Amino acid sequence: MLKYVLRRFIYMIITLWVVITATFFLMKLLPGNPFGENASKLSPENLQILREQYGLDKPVWQQYLKYMGKVFQGDLGVSYQYPTREVVDIIKHNFKASLELGVESLIFAVIIGLLLGIFAALRHNKAGDYTAMLIAIIGISVPSFVVGPLLSYFVGVKWGILPPGLWNGPQHRVLPALALSFGTIAILARMMRASMLDVASQDYIKTAKSKGIGGKAIVWNHMIRNAILPVVTILGPIAANVVTGTLVVETIFSVPGLGHQFVQSIVTTDYTMIAGLAIFYAAILIFVMFITDIAYGLVDPRIRLGKGR
Amino acid sequence: MENIAKSQFEPAVKSGDKEAILRPSVSYWQDAWRRLRKNKLAMAGLVVMIIVAALAIIVPLVSGYDYETQNPSAVNLRPSAAHYFGTDDFGRDLWTRVWWGARISLFIGIMAALLDLVIGVLYGGISAYFGGKVDNVMQRFIEVIYSIPYLLLSILLLMVLGPGVSTIILAYAITGWVSMARLVRGQMLVLKEQEFVLAARALGAKPFRIILKHLIPNALGVIVVQITFVVPTAIFAEAFLSFIGLGIRPPLASLGNLLSDGATYMRYHPHRLVFPTIVFSLILLSFNLLGDGLRDALDPKMRK
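Chain order of the listed sequences is A and B. Under the working numbering, think of the first position of the first sequence as 1, with each following residue one higher. Under the working numbering, think of the first position of the second sequence as 1, with each following residue one higher.
Derived by calculation from the structure, the hints in this document are not laboratory data. No experiment lies behind these values; they were computed from the predicted model shown. Ideal Cβ placement from N, Cα and C applies to all residues, glycine included. Treat the hints with care, since some could be wrong.
Result set (PhoX-like, lysine-lysine): computed pairs, CA atoms no more than 20 Å apart in a straight line [stated by the list, open to error]: (1) A:66 / A:28; (2) A:126 / B:38; (3) B:40 / A:126; (4) B:192 / B:213; (5) A:70 / A:92; (6) A:70 / A:58.
Heads up, incomplete: computed chain A residues facing chain B, CB under 7 Å, no partners named [what the hints assert, rightly or not]: (7) 10; (8) 11; (9) 13; (10) 18; (11) 19; (12) 21; (13) 25; (14) 26; (15) 29; (16) 30; (17) 137; (18) 143; (19) 240; (20) 244.
Model the full assembly from the supplied sequences, consistent with the hints where possible.
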């Protein structure tokens, strides 16, 4: 197991390195001048001073090594758009709201998704199953940037039940979290259903039945407990879903989170900000993938021993 | 009990060749089609998909409007007989723009799937066929690429390449092929141990002939299923990128930028959000339903 963890850890580091390298060189390839339109108003001397200040006068490989070193020390540079703000400070300042939104949507998704999946599996091939799976497939097909505006418009504006945006009290949390959880609910419900059906055909369920254990006890003690384990393996896709979802959901509901900031920096072409946030998000997702792989290894010994992939 | 006729207990007449196969043999694809036809949801998906594709091709040709001509005297109109889906803030006909957008979104989805297919099948096929060190190196490479979140990489790529139909396809394909390659490799590893491959090799078939003529056709079922899931993912990626301001640029219409505009104007002109949403969701829904149905119809594990 330790060897497996170590191997996954090395992969994680390599992937991170690839992401940072790709980000750096893509940013180097960007067209235009990093100092924007007003660069023409600056004298060549001033421009030179600026270049030196940002280290842009050195050869590319030196810039690369310097950037790499800085990133690993947790320094993602200074925003081009707001030269007084460090990217890391912006992350610290805005990440709280995103994290809160993400966790709340996950709680929604886990409760509703698992229940929906269990319900569908117990009503296998009956109307309830088809309804639940139709809901799930609609959840996959209708992305959060469609659900968000619809929720905001109908629940928020037209019916006025909940505020259509902003981020002040608990009542502001419900709609964004719900919009964000939609896709995750669908993924979880489908996975849970498949897993439950898989467990239902196992011999130990037959044994339990023949021992005369009641239906509810079988479902709770034997089926759900065993079926829930493989579900951890889709943690990676779920995290990706939630993280990319925050970009649009925060923009739609004007949540002052990091996703909103990311979209803003794309609009204002704030390159250091984009690069920094992309690396930050990639690091989170790659870390989640690492955790998923470890969990996978714990659940399924075949993976750990290197036969699975 | 008594009223059962005695004739029913007569021994069957021995006639003709007992070994003869009475029914015509059913090929793998015929069998899959038969299973698929029984799946109502999948068939609904297929029908919707065909209708949407037909409308996306025909409507821009016959609607009498085009996607970019502006009409200042018909701004933000509600749906009417002249404009089935209403008009936008430049007086452009939404009925035309939505179907034009569907056309572009479908084009992006299908092209991305094809690119995925070519790269993924070649990579996975080569990796699995040669095995050993080649496989090892190629798989290590895949494991690194696999963990890179594709939407983030697409964002960076589009910043550099600039938004556009071809750059979106490219940005998607650069990371998208990995799942296909893994899937194909897994299938190939199973298939290449089977006797018909050994027979082909014994007859002197070259590696690429074996990959192309024997392994890929046999893995086709899984590949087809994967494609039906890649198309909606790519369409989703386009819409997502358009939504955050990196997708197809107006005046060209795509479902992504129509949705993004619709969300901005929904408070005053809800029709601008509702119609693109319906078409977009129908496309994704139909592909997902068909994909699910195909997986059940083609998956060898389900065929007991």
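Now the hints, each set against the structure:
A C-alpha spacing of about 14 Å is found between residue 66 (chain A) and residue 28 (chain A), which places the hinted pair at or below 20 Å, so the restraint holds. A distance of roughly 16 Å separates the Cα atoms of residue 126 (chain A) and residue 38 (chain B); the hinted pair therefore holds under the 20 Å criterion. Restraint check: the Cα-Cα separation between residue 40 (chain B) and residue 126 (chain A) comes to about 14 Å, which is no more than 20 Å; the hinted pair holds. Distance restraint check for residue 192 (chain B) and residue 213 (chain B): the Cα-Cα separation of roughly 12 Å lies within the 20 Å cut-off, and the hinted pair is therefore satisfied.
Taking the CA atoms of residue 70 (chain A) and residue 92 (chain A), the gap is about 17 Å. The hint holds against a cut of 20 Å. For the hint pairing residue 70 (chain A) with residue 58 (chain A), the CA-to-CA distance comes to about 16 Å; that is within 20 Å, so the pair holds. With a cut of 7 Å, the hint placing residue 10 (chain A) at the interface with chain B is violated, because the nearest CB-to-CB distance is about 10 Å. Among the interface hints, the one on residue 11 (chain A) holds; its C-beta lies about 6 Å from the nearest C-beta in chain B, closer than the 7 Å criterion.
Against a cut-off of 7 Å between C-beta atoms, the interface hint on residue 13 (chain A) is violated, since the closest Cβ of chain B lies about 10 Å away. With its C-beta approaching chain B no nearer than about 6 Å, residue 18 (chain A) sits inside the 7 Å limit, and its interface hint holds. At a threshold of 7 Å, the smallest CB-CB gap from residue 19 (chain A) to chain B is about 6 Å, leaving the interface hint in force. With 7 Å as the threshold, the beta carbon of residue 21 (chain A) stays out of range of chain B, its nearest partner Cβ sitting at about 11 Å, so the hint is violated.
Among the interface hints, the one on residue 25 (chain A) is violated; its C-beta lies about 9 Å from the nearest C-beta in chain B, farther than the 7 Å criterion. Hint status for residue 26 (chain A): holds, given a least beta-carbon distance of 5 Å to chain B, under 7 Å. With 7 Å as the threshold, the beta carbon of residue 29 (chain A) comes within range of chain B, its nearest partner Cβ sitting at about 5 Å, so the hint holds. Proximity of residue 30 (chain A) to chain B holds as hinted, the smallest CB-CB distance being about 6 Å (cut-off 7 Å).
Against a cut-off of 7 Å between C-beta atoms, the interface hint on residue 137 (chain A) holds, since the closest Cβ of chain B lies about 5 Å away. Checking residue 143 (chain A) against chain B: minimum C-beta separation of about 6 Å stays under 7 Å; hint holds. The interface hint given for residue 240 (chain A) is met, as the beta carbon of that residue sits about 6 Å from the closest beta carbon of chain B, less than 7 Å. Against a cut-off of 7 Å between C-beta atoms, the interface hint on residue 244 (chain A) holds, since the closest Cβ of chain B lies about 5 Å away.
The structure fails hints 7, 9, 12, 13 (numbered hints given earlier, in ascending order).
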